[in-house]
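2 protein chains.
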Amino acid sequence: LNRIKASGLKLRFCTNETQATREKFVKKLQGMGFDISVAEVTAPAPAACRILKERSLRPHLLVHNDLVPEFAEIDKANPNCVVIGDAAENFTYANLNEAFRVLIGMEKPVLISLGRGRYYKETDGLKLDVGAYMKALEYACDVQAEVVGKPAKAFFESALAEMGVPAQQAIMIGDDIVNDVGGAQRCGLRALQVRTGKYR
Amino acid sequence: LNRIKASGLKLRFCTNETQATREKFVKKLQGMGFDISVAEVTAPAPAACRILKERSLRPHLLVHNDLVPEFAEIDKANPNCVVIGDAAENFTYANLNEAFRVLIGMEKPVLISLGRGRYYKETDGLKLDVGAYMKALEYACDVQAEVVGKPAKAFFESALAEMGVPAQQAIMIGDDIVNDVGGAQRCGLRALQVRTGKYR
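Going down the list, the protein sequences come from chains E and R. Letter 192 of the first sequence, counting from 1, is numbered 192 in the numbering used here, and no numbers are missing. Letter 190 of the second sequence, counting from 1, is numbered 190 in the numbering used here, and no numbers are missing.
No wet-lab data here; the hints were simulated from the structure. Built from N, CA and C at the ideal position, the CB exists for glycine as well. Take the hints with a grain of salt, since some may be wrong.
[To be verified] Under the rule of at most 27 Å between Cα atoms (straight-line distance), these lysine-lysine pairs were calculated in the DSS-like manner:
hint : chain 1 : residue 1 : chain 2 : residue 2
1    : E       : Lys24     : E       : Lys121
2    : E       : Lys121    : R       : Lys108
3    : E       : Lys198    : E       : Lys10
4    : R       : Lys153    : R       : Lys198
5    : E       : Lys5      : E       : Lys27
6    : E       : Lys108    : R       : Lys198
7    : E       : Lys198    : R       : Lys108
8    : E       : Lys76     : E       : Lys121
9    : R       : Lys153    : R       : Lys5
10   : E       : Lys27     : E       : Lys198
11   : R       : Lys121    : E       : Lys108
12   : R       : Lys27     : R       : Lys10
[Unchecked claim] Between beta-carbon pairs, the in silico distance windows are:
hint : chain 1 : residue 1 : chain 2 : residue 2 : range
13   : R       : Lys5      : E       : Lys198    : 56 to 66 Å
14   : R       : Glu54     : E       : Ala94     : 30 to 40 Å
15   : R       : Arg186    : E       : Arg186    : 33 to 43 Å
16   : E       : Ala167    : R       : Ile171    : 55 to 65 Å
17   : E       : Val165    : R       : Lys153    : 53 to 63 Å
18   : R       : Asn95     : E       : Arg195    : 28 to 38 Å
19   : R       : Val38     : E       : Glu54     : 52 to 62 Å
20   : E       : Leu11     : R       : Arg186    : 52 to 62 Å
21   : R       : Lys198    : E       : Val178    : 29 to 39 Å
22   : R       : Met32     : E       : Glu23     : 51 to 61 Å
[Claimed, not checked] Partial list, derived from the structure: chain E residues whose beta carbon lies under 10 Å from chain R:
hint : residue
23   : Ala94
24   : Leu96
25   : Asn97
26   : Ile104
27   : Gly105
28   : Gly125
Here chain E stands alone, though its shape is the one from the complex (with noise of 0.2 Å):
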């Protein structure tokens, strides 16, 4: 990491982590001796947050608590959609079926989900990922979701935008096959998958 930055290299942290604010992300990173700021973060929740107030929709949240700063300025009385995030501890049954509930109870229902990914690994275990509880929810309520975290073209997009780099002179580096190699490459990005984290 030292080494790109040193280059000159421009850089951009694709993060499908959403069970923290950027800013706790990032001061994460930061006490493992990473040189990251806020600002070099591509996150799912900001970018849920550009759609729901672009498309006036408020939602009922069943995320981790530490994320629900991020949605501090969105209105979410008498919800008229539901983002799913990485709740971890909070994906408990009642609250899948309350998710449920308010989503079918939907003229149409409006599900976004803060990625697919299917699992990832920490200290005690792999865990179910925020995909597999958003498969839940699809079927329950015969819905596709809308996805605005890894693999999603227009996040990879946005990211490059912000950096200001063509698809083509950049290098997506992950440690998951779909949604960071596959989802980079069907971007037009060339990817690096590295064999350290969930792999397996």
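With the hints as your guide, set chain R onto chain E.
Just chain R, lined up with the frame of chain E:
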């Protein structure tokens, strides 16, 4: 129901009930005044047990506590498949992750689902049914579940066999357009949807 029985027509209760043993299910209906016995009930758990025995499968169970006795005679040590039913309150974040880890840890994941219902209605509102959680695990592990309850063809066929009645002479009555009506029709039965229960 009493008129059907009095007429001499053969009758079979086909349930995807996986929150309780057949014994408990029958007692509940008897308590409501219905003339029903355990021998008249076709249910997913006994069907799953036949499959487990035939294929020497040892299940990790993600089911309702009250259903566990149906699997009393099944070897559950060192599991080589996952059986999922409507686990209700047992659909916790921890239990879902555990079932996922067992499944993803297999060389060739085997997922058996006691139904594929989307949702059902209880006195306190709509609830996600086993099908939604099945989809979550299918997606996370890139596997297709084997469904043993309605609308699986084998399920209706075993009910017909138990009555000794050909499909053309039978009619299925239910409130679920997919599991009851669709499943029966694909099996050659006629079907009638009642607009009670969870119908909306």
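Structure-based check of each hint:
| no. | hint | verdict |
| --- | --- | --- |
| 1 | Lys24/E to Lys121/E | holds (19 Å) |
| 2 | Lys121/E to Lys108/R | holds (20 Å) |
| 3 | Lys198/E to Lys10/E | holds (26 Å) |
| 4 | Lys153/R to Lys198/R | holds (23 Å) |
| 5 | Lys5/E to Lys27/E | holds (19 Å) |
| 6 | Lys108/E to Lys198/R | holds (19 Å) |
| 7 | Lys198/E to Lys108/R | holds (19 Å) |
| 8 | Lys76/E to Lys121/E | violated (32 Å) |
| 9 | Lys153/R to Lys5/R | holds (25 Å) |
| 10 | Lys27/E to Lys198/E | holds (22 Å) |
| 11 | Lys121/R to Lys108/E | holds (20 Å) |
| 12 | Lys27/R to Lys10/R | holds (21 Å) |
| 13 | Lys5/R to Lys198/E: 56 to 66 Å | holds (57 Å) |
| 14 | Glu54/R to Ala94/E: 30 to 40 Å | holds (38 Å) |
| 15 | Arg186/R to Arg186/E: 33 to 43 Å | holds (36 Å) |
| 16 | Ala167/E to Ile171/R: 55 to 65 Å | holds (59 Å) |
| 17 | Val165/E to Lys153/R: 53 to 63 Å | holds (54 Å) |
| 18 | Asn95/R to Arg195/E: 28 to 38 Å | holds (30 Å) |
| 19 | Val38/R to Glu54/E: 52 to 62 Å | holds (58 Å) |
| 20 | Leu11/E to Arg186/R: 52 to 62 Å | holds (55 Å) |
| 21 | Lys198/R to Val178/E: 29 to 39 Å | holds (35 Å) |
| 22 | Met32/R to Glu23/E: 51 to 61 Å | holds (56 Å) |
| 23 | Ala94 | holds (9 Å) |
| 24 | Leu96 | holds (6 Å) |
| 25 | Asn97 | holds (5 Å) |
| 26 | Ile104 | holds (6 Å) |
| 27 | Gly105 | holds (9 Å) |
| 28 | Gly125 | holds (6 Å) |
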